[in-house]
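Letter by letter, the chains look like this.
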Amino acid sequence: MQRGSILLLLSSASIATASSTPRGVSPEDAKLYAPTSEKTFSCLTNPHVIIPYENVNDDYCDCPDGSDEPGTSACSHLPHKFLAIRGFYCKNEKHAPAFLPLGRVNDGICDYEICCDGSDEWAGVGGVKCENKCGEIGKAAGKLAAERERLRNEGVKKKEELLDRAKIMRVELEGNVKTTRVKIEALGEKVKWLEVQLRETEEKERLKMVKQPKKGSKLGVLVSLARERMQELKSSLEKVRGDRDSARSKLEKAEGILKALKEGYNPNFNDEGVKTARDLENLLGEDEIDWEGFTEADGVAEQSIRTWVHDKLADFRQMLVENGLLADNSQGGVPESRALSSARQALQTGKTEESDTKSHLEALLADLSYPYGHDDVFRPLKGECISSQFGEYTYEYCFLGTAYQKSLKDSSSVSLGEYSRIEEDKSINDASVRGIFESGWEEAHDEGLSGISLIHENGQQCWNGPKRSVKVDLYCSAVDELRSVKEEEKCVYRFEVGTAAVCGGEHGHGGNVEENVRDEL
Amino acid sequence: MRYRPMSARSAPVLVLTFLSLLQPAQMVKHDNFKTCSQSGFCKRNRALADRAQAAGASWIAPYELDEKTLELRDGVLTGKIWKTEAGGIELPLQVSLLENGVARVTIDEAQRRSGDIILRHDSKARKERYNEAEKWALVGGHKYQKTATMETKEGVTTIAYGPNNYEARITHKPFSVQFLNKGEVYVVFNDRNLMNVEHWRPKIEKVEGEEPTEDEETYWEETFGGNTDSKPRGPESVALDITFPGYDHVYGIPEHATSLSLRETRGGEGNYNEPYRLYNSDVFEYETDSPMTLYGSIPFMQAQKKGSTVGVFWLSAAETWVDVIKTKQNPHALTTEKASTQTHWISESGLLDVFVLPGPDATWVYRQYGELTGFTTLPALFSIAYHQCRWNYISQDDVKDVDRKFDKFDIPYDVIWLDIEYTDGKKYFTWDPLTFNNPESMQKTLAKRDRKLVAIIDPHIKNDGNYAVNKEMVEKGFGVKDKGAEKVYEGWCWPGSSHWVDCFNPAAVDWWKSLFKFDKFIGSTPNLWIWNDMNEPSVFNGPETTMPKDNIHHGNWEHRDVHNINGMSFHNATYEGLKVRLGNGKERRPFVLTRSFFAGSQRSAAMWTGDNQADWPHLQQAFPMLLANGIAGFPFAGADVGGFFGNPSKELLTRWYQAGAFYPFFRGHAHIDAKRREPYLAGEPYVSIIRDAIRLRYSLLPAWYTAFHRASWEGMPILRPHFVMFPEDEAGFAIDDQFFLGDTGLLAKPVVKESATETTVYFPDKQVYYDYFDFTTYRRKGHHQVPATLEKIPLFMRGGHIIPRKDRPRRSSGLMKYDPYTLVIPLSSEGVAGGVLYVDDGETYAHQSGAYIHRAFMFNIGDNTLRSGNLHPDPAKAVAYNKDMRSVRVERMIIVGVGKEWATKKEVEVKQGSKTWKAKIVYTEGKEGKANTAVVKDPKVSITKDWSVSFA
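If you read the protein sequences in the order shown, they are chains A and B. Heads up: the first sequence begins at 1 in UniProt numbering, then just goes up one per residue. Heads up: the second sequence begins at 1 in UniProt numbering, then just goes up one per residue.
Please keep in mind that the hints were generated in silico from the structure rather than gathered at the bench. Because the structure is a prediction, the values reported are computed rather than measured. Here a beta-carbon is modelled for each residue, glycine too, at the ideal position from N, C-alpha and C. Fair warning: there could be bad hints in the mix.
Derived, one-sided and incomplete: chain A residues facing chain B with beta-carbon distance under 8 Å [as the list claims (entries may be wrong)]:
hint, residue
1, Tyr60
2, Ser76
3, Phe437
Derived pair list, reagent style BS3-like, types lysine-lysine, alpha-carbon separation capped at 30 Å [said to hold, decoys possible]:
hint, chain 1, residue 1, chain 2, residue 2
4, B, Lys448, A, Lys139
5, B, Lys43, A, Lys129
6, A, Lys486, B, Lys400
7, A, Lys139, B, Lys405
8, A, Lys133, B, Lys408
9, B, Lys675, A, Lys406
10, A, Lys467, B, Lys29
11, A, Lys39, B, Lys80
12, B, Lys911, B, Lys883
13, B, Lys471, B, Lys517
14, B, Lys143, B, Lys68
15, A, Lys129, B, Lys408
16, B, Lys448, A, Lys133
17, B, Lys29, B, Lys80
18, B, Lys206, B, Lys43
Next comes chain A alone, as it looks inside the complex:
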């Protein structure tokens, strides 16, 4: 605490006895409040302001830093940046001492969550009496603290397990990479060998062909190749048509929804989305989508496919000619020999196997460098899901996967976003975010956030808003849990998720994530 350190620097020569410590001053600060021989008091951070000692805690604010009134609310109007004291010190015997903000002294409220001994209401304002509750609160707090400690330790253990599992997974993965690399090497050799085989076979065949030229057979191959290609294009066309049909039916469905919305939904003028729907209705009404034209356009598409296929075939043929595979004057030829085609096929198979294995390697490498956090701590969690109910929804969260919001009313399910990256915010527990005053003992029991967050993006588009997204703030917990969900602004969610993956380390942090962030970049 900064203020605390200022106080310590200003240590005074004389030592105060417990009995003379003014109200609201902690034992460690007591020496600062020892009266001088002149019975005066110098304001702690404004020592040029010297007041008679009797003016300390006289319920009148003399010091510009508030230090003369540690036991009253007289200086509570001072801006925080001027204050030299942390607040009103509550001894809270049988519990932990704490500082209460000065404005809460003698306001008629027993602030037990900070001052369990009730000493803050010493003046009995409005007849209020605050009995000392430190006995029961201390007990309850002790229980909570022990439980928290237990959970933390358990969390740390769990994390070690996670790390072990992550390590094993990585070793397996790396082993896999290695064997795959070897396999690729072998396949490369094999392909080379098959190429040689093919060339040799070709050589033999050519020698044969010089004697007995049968150009027609080459063309036969080409025709069959072209047929294959044509078939491929045709099926693509089919697929495109299918896509179009499904898009059309989707559009019809969307239209239906909008229409139903316009008619059935409350035409609430304050809802931009509904306004938009109303405008869309106009759009559809005035400028109806021309399905006839659409079909015509479709005709054009088919036409253009035909043209394209034709052009491509022509190019293909040209390429073959240029490479000497096809005679310029296409005439009938002889069929290819069995030996040649089987050599060619063997090479083809070899090449395919090689490229498949290469992409497998790529996938393995991608997984290796995926942002799983420091030491891959999140890797074992991937695919694990937790859920919790908040308000009218059940929220489901799958680690490094997708977050869902499921309505309890109509059981619809909406994606709130897919995992994209890890972020670390070291200021998450700073006063500017958490609040400038300490929390009550119960709230303080809640495990603090680690500062590590998993960012999920590209969820379902919001009605008149952005695509949904979730920032998942992690805290240390032995069991995976979803403790809070907030919609911070329209369609921007924030989850607090407990996991052992962030246990241990400084502030319960899961360690340095910068590496991973860099990896990701």
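Based on these hints, arrange chain B on the given structure of chain A.
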């Protein structure tokens, strides 16, 4: 495959792109609301005005007072006016002279009064002209000038009345009335002969080939935006021109997003082309600087000239338009060249019923107006502290989290609000079973710090057969009916299909009141108060977003007749329900916020300026609107801090809090689509600056409450425009961006412009003014450049006042109850000062039996003594309360502007009762243009007692 058939795929994509390109309109939809020319009766009356002007002297008005029928009895003159058309139409006239100098002129229509007319479409509507507006707007109990005398000479009847030599000179042919005060004319009725009472007539079908006249075109059914108004009574408007001779400024007739001093409305540079319209409407994304109608209406106007303020109150609940023009000629006074203001009032139906308030100054006008329509109810103290609202806090946990965050960031607040989403499916008096399943516990949490919850309850009742409130309302016939007068009206609002409670029905009001009982409104606690929104009423699919005018209310009055009172009838009923909730005389002052209002709303509610926008023009617009409301008798008013629609920049939000700290009703609010903007989220330095602004409000709560107290018995506005405080200073008559707070002498000019580092403030007199925060001294009348960097609120203390405040910011206002006071005493140039403090328990009605503290503080230069004197007329009744409060002391006196000779003073002598003691005083020399100050430290005097502090 890289190929992608273009057209097949892109068409749906195109539609989606269109969707995202359709930007929400940032402007009001003008097409949704009528202009004068689209409102038949307005068009007809404006056309009449044009014809009259074109005709000049040859214009003949068809209204003649029948001299033989005149009779004056006990301060009430009765007689008959004949409209010399259609064979003569009899219009009964009544002129009532009230004891306080107010004159009331009422004109009715004899044939309709007797019910001798035929309504079209078999309408069940009442045949009389609506004559019950006074039941809702006026407080009654008026006494008349029984000693008034009447004299008729040469076609002019003069009534003399009142101690101030008031006169009403009635010219018989054509009918007109001049009102005089000490021989000077201040108001003239029918000066321009634009008076018009459209009498009932049967519809005569035109024979073929015959064209209707232009007027006739709008006599019968009128269609607007796809809705047809059946108008079963045909044309029935009333109109009158009212001239204020020699008065060049007029103010009032809220609610409009316009300047305080009303601009002309018949074109010309800098003028509007449309009349000011009063037809309570839910205007979505309303624009600033416009005469368009808004959510509420108070047909009360003041006219100001140097040294004189007068007023008129046009009592009509129907749609009303007011044209304003100014002329340089003044035919009624020979000595002055001053401009006159001519107004033209046009209402669709009802009586012609106008009150003339003689003033002669603002103080008197407000008292007179308050005696007519009632004074502002003294609000509960918490309700003038800070309110935190959002559409919506989505769950009880969300509410508790916000509550906790305010404490963790040390920002005081008193009330957190729930918008419509807390309900179970927009059914009022229910809670969402998933998000608010334990509302009592939530309210208990808030109550721990003496905080409150306000929840919204609107007049539209979900049309749902399983919803008890709806079932009961429909079965008992308490809903508004459609034009057939039998079926309950069905329209659309938040819940979808809805019915509307008809609070014009006393039985419906009793039923509505009963809904607030704790055993009926399950989940409500004494800590819950109510927000009435959408009570114009807002009907999403209705004409101009409201109800059809031919709907039928209790007593078979058409909605047309009562429209502008609808909102008030509803919030009144809510107020009554809340008041008696606890039973056994444990009544507490209810808090009800309303969006729609009328003259009289001040007796039971606070208002806000509705759905503004998060931009600088709307921040700028708020003060003129709040000032206008304040001088129209309804000062408990605010604007959404931060702006409802959109996202304010941090600078705008911060400036808005600085301005909001000076709104009588101080609430932050945001639209559901807007980002969260609770003050603690703004980051530094904004959070600290906003905290300072809210703390400033809390520390000045004693001054605010005292100002509310004065409004509650004298009608003086809380925020006082210059013309009220300095009626001789014409340079201040149009100022509406700075104002005084009550009687404190605090002059505020919160910054409402972007990137300001300084601003110009106008000091209206030669008195000394001190900067509130650093005591910089200004001694010259006129405009001054003053610093206005982001953390600075331009706020000044006029010399000669004493400002009570409390310098111990607590979590809520209730926790400051026993905190000591600080008296700030800015001395006048002459070295004197005075001020007032009013204190009571801030929540019950005990003050009505005398349980309050009312003190005057005077600093007298003669003997250099500050005294506290009792203003309580019956101190014996305050004994018990004083006992509770006796320990509340004055902890500090800050005397600003003392002479150098004070440097030698070390002690002052304090006397309280028979005892005398000393207190310390500390002098600080002011440097660089700042005033010298002297602070008395803890004089240990009680706020309940007489005492004196001698500085001699």
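Indices of hints not satisfied (ascending): Numbers 5, 11, 17, in rising order.
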